[in-house]
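The residues making up each chain are set out below.
Protein chains: 2
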Amino acid sequence: MKIENVKPADIEKRSFEIIAETLEETGIDIDERYAHIIKRCIHTSADFDYARTMFFSEGVEEKIASVIRDGGYIVTDTRMAQSGINKKRIEAWGGKVLCFIGDEDVAERAAKEGLTRSYVSMEKAAELDRPVVFAIGNAPTALIAICQLFEEGKLKPEAVVGAPVGFVNVVAAKKLLISSGISCIVPRGRKGGSNIAAAIINAVQYNM
Amino acid sequence: MKIENVKPADIEKRSFEIIAETLEETGIDIDERYAHIIKRCIHTSADFDYARTMFFSEGVEEKIASVIRDGGYIVTDTRMAQSGINKKRIEAWGGKVLCFIGDEDVAERAAKEGLTRSYVSMEKAAELDRPVVFAIGNAPTALIAICQLFEEGKLKPEAVVGAPVGFVNVVAAKKLLISSGISCIVPRGRKGGSNIAAAIINAVQYNM
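The listed protein sequences correspond, in order, to chains A and B. For the first sequence, the numbering used here begins at 179 and goes up steadily by one. For the second sequence, the numbering used here begins at 179 and goes up steadily by one.
These are computed hints drawn from the structure, not numbers from a lab. It cannot be assumed that every hint is accurate.
If several chains are the same, the list does not tell them apart, and a pair holds so long as it fits within one copy or across any two.
To be verified - Computed cross-link-like contacts, EDC-like style, restricted to lysine to aspartate or glutamate with a CA-CA straight-line distance of at most 20 Å:
no. : residue 1 : residue 2
1   : 274       : 195
2   : 353       : 182
3   : 180       : 236
4   : 265       : 282
5   : 185       : 301
Only a predicted model underlies this, so the values are computations on that prediction, with no experimental measurement involved.
Extracted from the complex, chain A is given alone in its bound form (with noise of 0.2 Å):
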């Protein structure tokens, strides 16, 4: 097997035209309107689950668009999620990536509450004075709190990037999230992680 000469700034575009031929191939047919999102998810993990488990709320990319435009805030769950998000275009709008789980408050918080550091960085998260677009690759608990806290009035989110990923709660943070009206972008299953919630809110903001 030869190495390819693929120029560096071709590689990503070869990696695409990859992409779509191999779901040509097989037959599987992606929503349009979202086949950039569900790309950038098969191109960040090579896993073409992702065209065929991707959810999204009626409206859900221009929501999170709106929020970049007006300078808002993507909150993420993890510092990997927050790293993968290209935050160039995100802070030219006036917007910023944050995370709060390793913030010594959220530490000593979730320590004496017996909650996970998750939990505590989104109820940190509801104190914002910015439109809120949650980008979550890891915790289920993460999602659990921000429906919990949009129940309870405590968060309202514009939408949600709900991609953690696991065997303990995963599927039903999942669903919870679909099921509670807040706008959002799910891998439904196991499926998910950090990668792919960076990945998602990259394939929107590349497509404003």
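Let chain A serve as the given structure and place chain B on it in line with the hints.
Relative to the frame of chain A, chain B by itself:
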């Protein structure tokens, strides 16, 4: 579907139990010596393909553990992988987790020479004065750079986690690494990612 009431501290334990049960049910037989690494890759991705694709050079885990114990460097190709590696223990041993991808000198040289920043950031790592383990989760060009610099006698990594993801040169770069003689851990095929590279390093350090 109900939210299970699992204590924060028990979520990871319960996840690994579900992974073990699923492997047993599906009859996938993994190498027991590396079960902790394979299971952590599945834990971070919910993707059981990692039970079938992982390659381990003889003695590679001990080599990575030695670098950590000796206060050496872990060098990643992305900030996401750097973020995902648990740094507490590594720093307690006197080591560091480094990533040069965002460095200005790297960007300048890459633009000037028509190389990827990933490639140039590996050249920069060749100048480090301590034992190095690479954790590559994104760029096949980083793996190719490592193999070329090794071939030319300019770089001698103790071990490489070769987990780039994608569609252009990823499979070929992994084959190149496996046949290079460098001690390595590789999820063969197109899959991998910054989360997988970080999970592998974390699995090794949690087993020390």
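For this session: Find the hints from earlier in the document that the structure breaks and name them by number, from lowest to highest.
Result: Violated hints: 1 and 3; rest satisfied.
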